[in-house]
Amino acid sequence: MKSQSIGQIALAAAAVAYLIGVYFASSPVWMGFTINALVIAVIAMSWNITGGFGGLSSFGHAALFGTGAYASAVLQVNYGVSAWIGFAAGILAGAAMGAFIGALAFRYGLRGSYFALVTLAFAEVLRICASSFAFTGGGSGLQLKLAPGLANLQFADRTVVYTALLVVVAAVMALTALIKYSRFGAYLIAVRENEDAARALGIDTYRIKVQAMAISGAFGGLAGVLYLQLWLFIDSTVVYGSGISIEALIGPIIGGAGTVWGPLLGTLGLHLLGEGAKHLLPNAPGLNFVLYAVVLICALRFLPQGLVGLAGKIGASKKKKESGDA
Amino acid sequence: MTYKIDRRDLLKVSGAMVAGLAAPTILRAQTSTIKVGVIEPLTGNLAYNGTQSAAGAKFAAEAINAAGGIKSMGGRKIELVIVDAQSRPESAAAGVDTLVQAGACAFTGATASALGLASSQAAAKYNLAQVFSIGTAETVVSRGLPNVFRFTPGVNKCTSVALENLKLLNQGAGNVVKTAAIVHEDGPFGSNMAKILAEQLPKQGIEVVETISHPTPQRDFSNIALRVKASKADILIPSNYLNEYTLMARALNQQRVELKAIYSILGGAASNIKFVRENNEVAQYVMDCNHWYDPTKDESKALAAKVAEAKLDMTYDIMVSYATIQVIADALERGASDDRQKMIEALAASTFDKSIMPYGATKFVNGDNVNSQPVNTQIRGDKIELVFPKQYASAEAVFPIPAKK
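Heads up: the sequence lines are chains A and B, in that order. 1 is the number of the first residue of the first sequence in this note's numbering; add one for each residue after it. 1 is the number of the first residue of the second sequence in this note's numbering; add one for each residue after it.
No lab work stands behind these hints, which were simulated from the structure alone. It should be emphasised that the depicted structure is a prediction, and the values quoted were computed from it without experimental measurement. Every residue gets a Cβ at the ideal spot worked out from N, C-alpha and C, and that includes glycine. Possibly wrong hints are sitting among the right ones.
Incomplete in silico selection of chain A near chain B, CB under 8 Å [to be verified]:
hint, residue
1, N36
2, A103
3, L232
Restricting the straight-line Cα-Cα distance to at most 27 Å, the calculated cross-link-like pairs of lysine-lysine (DSS-like) are [as the list claims (entries may be wrong)]:
hint, chain 1, residue 1, chain 2, residue 2
4, B, K274, A, K145
5, B, K311, B, K342
6, B, K58, B, K311
7, B, K58, B, K354
8, B, K363, B, K71
9, B, K274, B, K260
10, B, K363, A, K145
11, B, K195, A, K145
12, B, K390, B, K203
13, A, K278, B, K203
14, A, K278, B, K58
15, A, K278, B, K363
16, B, K390, B, K274
17, B, K260, A, K145
18, B, K157, A, K278
19, B, K35, B, K354
20, B, K77, B, K390
21, B, K167, B, K125
22, B, K260, B, K58
23, A, K145, B, K58
24, B, K58, B, K203
25, B, K157, B, K178
26, B, K297, B, K354
27, B, K35, A, K278
Label-pair ranges, simulated between beta-carbon atoms [stated by the list, open to error]:
hint, chain 1, residue 1, chain 2, residue 2, range
28, B, E138, A, A88, 45 to 51 Å
29, B, G205, A, D157, 52 to 58 Å
30, A, V167, B, S142, 29 to 35 Å
31, A, V290, B, V209, 45 to 51 Å
32, A, S27, B, K297, 39 to 45 Å
33, A, L146, B, K354, 29 to 35 Å
Isolated chain A, as found in the complex (with noise of 0.2 Å):
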């Protein structure tokens, strides 16, 4: 494991700093705004392993997303079972979604755009199914009935909530690191490399990559069952729509790819930007939007390693400049 450069280290203590100061924030809206963050982030988690790690770049991780969700919604409102075990079975359903996708596009070959493409259209095969089937509540959607309860996975103090979800990124980003630093990770990252030299050298690419999508999804349906928790009702547009896909790389992305903390970092620096945009220009909606274009711009063409990557040029030593670990 790579010691981490003074600039990184600086930046996650930041982030630390920001998720703690919430607590003490007196406006109920910083800590609404960051709860929608986390979730956003876990999605981004989901992405980064794939995307990050893996080099598998999906357009479609909304199909995960929304299979989580609907998984514990079918199972919740249809059949009145207990929230906890939607909640599991959402992870579940989300990792055999993953597996299934992955296991689909891999045993065919497909790589880079043709991949991102497949995956795209998943998401939006699903979306069709899911407004069009009586049992995922049709064009209506579903919903969850209000009862707060340690129950029920409801919560009428948000302070409980946002601790909840704090713990929930804390042990995906540990995992993450795990994955990270495990064999599995270093077969992953070879994989993303070269593809072909990996498998030369032994490695089952096939099998790795579909083990990726099978985590990437169990943290992807993760993140749809913690949207369903929080706001209680989903439907097909807003789960599987393009917009989930869209969030889930947009943060590593900007975060950096392939690091542990760069989905976090990444999603929160552009959820501060945004919310950031809104308070200075109330008058014009939408600008926020065309801030994330022009961060999103300039950091493909500036940052290629993301936040992480310009952070850990600050204070490194020559050798470590070059890696940009984080």
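Knowing the structure of chain A, use the given hints to seat chain B on it.
Below, chain B alone, put in the same frame as chain A:
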């Protein structure tokens, strides 16, 4: 020369100084505004409707303030806190935090049921009342949330009234309509409507001969128009949004599809003056059952003039949003308080009958205004006329469409 200040003078000066210092505070207390929230999608795919709704709320607040504000509260003015829901449920819910921080006593919104469901759920935790401008899904009022008030009719009432009106129109015309084609978008709104129509139309003796769904957005309607033509349906019932509705109507005209009626329920464009203005020929005689104001009221006429002055389209979004602010203002007037709980109580007891909508006295039962109703409109010339119910009608309904010469 020396000045001698005695105790009496000192008291006088001190008193004057205290009064002087306190004056701005007292003045502020008297003139501080009452914050009313507006959560609407100002960006995203619902931006047009959301922007129109926000404009409607502004017109209402201006009118109320110009008439002296909330009189029971010393003439305090209404100040709107407008939040962008970004056409996303989670943003609509997050918007509630902004309203609470700003000190809003109640709010209106949010154009689409999905947004309103999320915002009202979040508001329930703060005991903050939401008066739905538009929220047609029945789940809006079936959750038992005490902070939810839907002023306008839901989809069930709109559909049943629309079908009842269609039955009357058809009977009046000698039952000329015997077959129907349904064209609907494949989202929540269109799919649900198509399902209800497929169940209900046969009960009226109208056979559904074709049902066509399409995604949103959809740009080419030629094939859909040809399928409608091939079905030889007497009436077309579309359920889609503004752009698709417009393109569909153009395609029907281009393919010379002869129909006895185009009859929408909560139609995307059929009650939109933009559609009438830009597609006047194809828009003629299109009928809709939708939210609409009572055009005979003086306040409605004043609103129409203001909307025209602001160079905006007069749409139902403006009308219902205007009316919901009227409802909130009435609750403030009666409750004489901007306390959140008192607002909920005042709204629950509302019997307001002076809104611009063609409704009876407001009566919320489980949050649903049982005295709300949709009306039938018909495009005639360059106007949208109200044709049903008769007491509010500005023109007689033309049914079926006169044959083209």
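Which of the stated hints cannot be reconciled with the structure, identified by number in ascending sequence?
The structure breaks hints 2, 4, 5, 13, 15, 17, 18, 20, 21, 22, 23, 24, 28; every other hint is satisfied.
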